[in-house]
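Top line first, the protein sequences correspond to chains B and A.
For the first sequence, the positions run 0 to 492 when numbering that gives the first Met the number 0 is used.
For the second sequence, the positions run 0 to 313 when numbering that gives the first Met the number 0 is used.
Where hints are given, some of them may not hold.
As the list claims (entries may be wrong) - With a cut-off of at most 20 angstroms between alpha-carbon atoms, the simulated SDA-like pairs for lysine to any residue come out as follows: (1) B:Lys52 to A:Ala116; (2) B:Lys447 to B:Gln148; (3) B:Lys217 to B:Val449; (4) A:Lys140 to B:Gln61; (5) B:Lys52 to A:Leu110; (6) B:Lys190 to B:Arg50; (7) A:Lys140 to B:Leu60; (8) B:Lys52 to A:Asp114; (9) B:Lys190 to B:Asp206; (10) B:Lys330 to B:Gly390; (11) B:Lys190 to B:Thr53; (12) B:Lys52 to A:Arg111; (13) B:Lys461 to B:Ala16; (14) B:Lys330 to B:Glu170; (15) B:Lys94 to B:Ala483; (16) B:Lys406 to B:Leu371; (17) B:Lys217 to B:Gln228; (18) B:Lys373 to B:Leu169; (19) B:Lys94 to B:Leu169; (20) B:Lys52 to A:Leu107; (21) B:Lys94 to B:Asp347.
Said to hold, decoys possible - Ranges between beta-carbon positions, derived for each pair: (22) B:Ala48 to A:His137: 28 to 38 angstroms; (23) B:Glu44 to A:Ala134: 29 to 39 angstroms; (24) A:Pro227 to B:Gly235: 32 to 42 angstroms; (25) B:Ala483 to A:Pro312: 44 to 54 angstroms; (26) B:Gly195 to A:His137: 35 to 45 angstroms; (27) A:Glu239 to B:Asp428: 50 to 60 angstroms; (28) A:His137 to B:Ala165: 55 to 65 angstroms; (29) A:Ala134 to B:Gly314: 52 to 62 angstroms; (30) B:Asp428 to A:Phe188: 51 to 61 angstroms; (31) A:His149 to B:Gly235: 22 to 32 angstroms; (32) B:Glu44 to A:Lys119: 24 to 34 angstroms; (33) A:Tyr63 to B:Gly235: 37 to 47 angstroms; (34) B:Pro79 to A:His137: 32 to 42 angstroms.
Because the hints were derived from the structure by calculation, they are not lab data.
By construction, the Cβ of each residue, glycine as well, lies at the ideal position given by its N, Cα and C atoms.
Okay, here's what each chain looks like letter by letter:
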Amino acid sequence: MATARRTDEADLERPGAPYDEMITAAGGVRPHYAALAQRVQTLSEADLAERQKTLERFFLLQGITFTVYGGESSTERIIPTDLLPRIIPAAEWAKIEAGLTQRLRALNMFLADIYGEQQILMDGVVPRELVLCAPSYRREMQNLYVPHQAYANVCGSDLIRQPDGAFAVLEDNLRVPSGVSYMLANREASKRTFPGTFRAAGVRSVDRYPDLLLATLKSMAADWRPNPQVVVLTPGVYNSAYYEHAYLARLMGAPLVEGRDLVVHDNMVYMRTTTGLRRIDVIYRRVDDDFIDPLTFRRDSGLGVAGLFNAYRAGNVVICNAPGTGVADDKAVYAYVPEIIRYYLGEDAILPNIETFLCREPAQMNHVLANLDKLVVKAVGASGGYGMLIGPHASKKERADFAEAIKADPENYIAQPTIQLSTAPCLIDGAIDPRHVDLRPFILSGEKIVVTPGALTRVALKKGSLVVNSSQGGGSKDTWVLTADALGKEAQP
Amino acid sequence: MMLARVADSLYWIGRYVERAEHMARLSDVMLNATLDRTDAASEVARIAMSAVGEQDIDKTLTPYEAALALALDREDGGSITTSLARARENARQVRDQITTETWERLNLIYLRVTDPAASKAFADGSSAFLHDIIADLHLFKGAADATMSHGEGWRFLLLGIYLERAQLIGRLLEVCFADRQRRAMTDHFALTSLLRMSCALEPYLRRYTADIQPRLILEFLMFDEDFPRSMRFTTARIEEHLVGAARYVEHAGAASAERLAGRLKARLQYADVENLELNGAGALLTTVLDECAAIHATIYETFVAYPLEMRLPA
Chain B
0 MATARRTDEA DLERPGAPYD EMITAAGGVR PHYAALAQRV QTLSEADLAE
50 RQKTLERFFL LQGITFTVYG GESSTERIIP TDLLPRIIPA AEWAKIEAGL
100 TQRLRALNMF LADIYGEQQI LMDGVVPREL VLCAPSYRRE MQNLYVPHQA
150 YANVCGSDLI RQPDGAFAVL EDNLRVPSGV SYMLANREAS KRTFPGTFRA
200 AGVRSVDRYP DLLLATLKSM AADWRPNPQV VVLTPGVYNS AYYEHAYLAR
250 LMGAPLVEGR DLVVHDNMVY MRTTTGLRRI DVIYRRVDDD FIDPLTFRRD
300 SGLGVAGLFN AYRAGNVVIC NAPGTGVADD KAVYAYVPEI IRYYLGEDAI
350 LPNIETFLCR EPAQMNHVLA NLDKLVVKAV GASGGYGMLI GPHASKKERA
400 DFAEAIKADP ENYIAQPTIQ LSTAPCLIDG AIDPRHVDLR PFILSGEKIV
450 VTPGALTRVA LKKGSLVVNS SQGGGSKDTW VLTADALGKE AQP
Chain A
0 MMLARVADSL YWIGRYVERA EHMARLSDVM LNATLDRTDA ASEVARIAMS
50 AVGEQDIDKT LTPYEAALAL ALDREDGGSI TTSLARAREN ARQVRDQITT
100 ETWERLNLIY LRVTDPAASK AFADGSSAFL HDIIADLHLF KGAADATMSH
150 GEGWRFLLLG IYLERAQLIG RLLEVCFADR QRRAMTDHFA LTSLLRMSCA
200 LEPYLRRYTA DIQPRLILEF LMFDEDFPRS MRFTTARIEE HLVGAARYVE
250 HAGAASAERL AGRLKARLQY ADVENLELNG AGALLTTVLD ECAAIHATIY
300 ETFVAYPLEM RLPA
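Using the sequences plus the hints, can you model the full thing?
Encoded structure:
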């Protein structure tokens with residue numbers, strides 16, 4: 000398995016304890032963290048606080064903020080950002096990279112198949128109704144040509160590190176994943192905070208993300224449009240990810256448009272410019288499927304463009320990511336991803352899934368019912384914590400109620416063991432303390448698949464909490480992916 | 000070529016920063032003048048408040064209270080804080096079009112005036128507070144000038160700045176010189192305050208020496224070729240940037256914008272300066288302000304809110 004990880008005996012002795020990114024279970028510092036740990040030790044509490052303040056000021060000045068509405072006025076806050084980078088050695092990254100590439104290739108093939116011949120459904124590998132009845136399945140996409148079979152051009156997968164040190168995929172985000180601007184901004188900030196350690200560590204650069212994204216988007220344009228016009232479509236300035244939309248548009252040199260800037264005429268999409276209408280070839284849309292075209296999807300949407308989907312069907316414009324990709328990151332389909340990889344690529348999944356029980360299968364349902372006190376049960380269609388049972392924390396009555404609900408509608412439920420996230424050192428109230436983290440790398444797929452050597456590490460800032468979402472008190476930190484020869488170099492203080 | 004919405008936002012950034020700067024300067028001069036309790040001081044307060052469009056303010060508020068409200072009142076659509084907040088809101092909407100350096104300057108000013116501690120900072124030293132806003136807005140304009148491409152977007156930003164400036168200075172001159180009911184301004188202190196309000200004291204002194212006369216002030220603020228706040232200078236810039244922006248428009252509507260701006264520029268360039276009478280300025284000022292309003296409307300018709308039917312590809 001993990002070739003790079005030094006297997007520590009103590010890890011195996013304490014199966015329940017989370018894996019710590021810096022400290023081994025025996026109490027030693029992992030070698031790839033040594034330089035940073037040394038550097039931090041030379042800094043006083045005041046030094047660290049000063050650096051944290053500088054870091055926050057950098058984010059505030061750049062306007063990397065979200066707005067908190069309340070009372071008479073609204074204030075802008077920065078998303079909490081932690082000073083200390085999370086470090087991933089080269090060999091571990093190599094495996095993540097290979098695993099993510101394999102996974103996205105298979106998922107794109109899966110999407111091309113279910114929106115085409117549906118071979119995988121006919122072969123019974125994935126249940127037909129599971130796909131075709133999913134709310135995220137878009138019948139409108141059936142038999143529509145997508146260049147390079149690249150449906151999910153931008154993918155942000157959530158990985159977690161399990162107690163045994165191995166990474167596993169918790170979730171695939173194939174719709175409109177966000178967070179990449181934080182990856183880039185965190186990097187800017189940590190270069191300022193630990194310049195010496197950064198230089199000596201041999202950190203792989205993430206700076207090329209914007210131009211790789213642009214190249215990916217351009218590769219989706221029709222061959223006969225030699226200099227394709229790419230735009231970023233945002234819901235507008237009140238969207239919580241607006242900063243990211245503007246940031247990517249600026250770094251790609253692509254116009255940032257809103258629905259009201261676009262016009263469809265004769266199945267062509269134009270934007271309103273100062274000098275008249277100008278044709279658009281590729282739309283990197285940061286608007287959900289439901290809202291992109293009131294004529295095809297939700298009628299009450301004011302964010303989209305009437306007629307956009309027909310222009311897409313006519314092949315006059317490309318929408319990235321393609322509508323309907325959500326069916327491949329559905330909670331129930333997730334359980335089949337290892338099978339999907341084996342079906343299309345004939346390979347075993349390099350990155351494992353979290354073990355998932357599908358209540359639709361009678362044997363698995365019986366297992367779930369018998370172990371309700373140990374499992375987390377989720378409703379397939381729900382998100383945001385609704386319709387969820389956390390077995391270990393539920394009362395007997397709640398479990399009994401849920402058991403009835405599962406028996407009544409087994410297809411709507413999946414169950415997973417309670418997951419454990421790894422921890423990484425964070426600066427909390429002036430002291431260094433471990434907090435739970437996950438990992439969101441970003442994968443681009445157009446003509447080819449590219450994994451950016453970096454990621455967004457999300458942090459659950461509340462002690463013991465496993466919730467990393469920024470809406471619920473989560474923060475983030477920079478992620479250093481080391482070059483192959485990085486280890487063993489002396490760090491400059 | 001740029002998005003119509005983006006051009007609109009850049010134009011309004013220009014208008015709002017210029018408005019904020021002018022308001023800050025007016026408040027500062029007014030507060031400074033009213034430290035003395037003389038007739039001239041209340042004349043200065045009247046001019047300042049009329050120029051910002053607050054006719055009835057002297058009845059209820061002291062100059063300090065009026066200046067505080069003008070600076071920090073977020074409810075008041077005309078306050079400095081509101082103008083800065085709107086400028087920044089527009090900048091946020093076109094964040095991809097302005098450079099980081101430019102954005103940072105504006106964001107910094109905004110964060111300062113909306114800080115809960117701002118009213119205390121104002122109380123501790125209103126003059127320093129207002130002075131800092133003006134200085135920071137100069138930095139903003141400097142950063143824009145030094146880091147942004149001087150292309151189309153830049154032209155819309157400057158169109159906003161100069162059109163707003165022409166209207167604000169025009170309004171100030173109207174208050175001082177166009178009202179036939181009032182007797183002419185003669186007080187030395189009031190006249191220097193007027194020059195300060197237009198940021199013109201030092202350039203005026205260099206041009207005319209310390210001989211401060213109402214007619215010369217009017218001549219300077221209306222017709223000086225090089226002073227950046229004179230009507231002649233601002234209208235020349237409006238014409239320059241409007242012609243620059245219209246160059247890319249193939250549609251025939253562009254001609255009317257150019258014609259309007261060209262006429263306004265010529266009106267001030269070839270005005271009969273020698274025979275200018277102090278109380279004869281009113282008619283010219285009214286014409287100039289009307290034409291500025293017409294140019295504003297034409298910018299919209301030409302670049303932003305044009306009817307789609309006219310521009311669809313054949």
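message = For each hint given before, does the structure comply? Return the numbers of the non-compliant ones in rising order.
response = none
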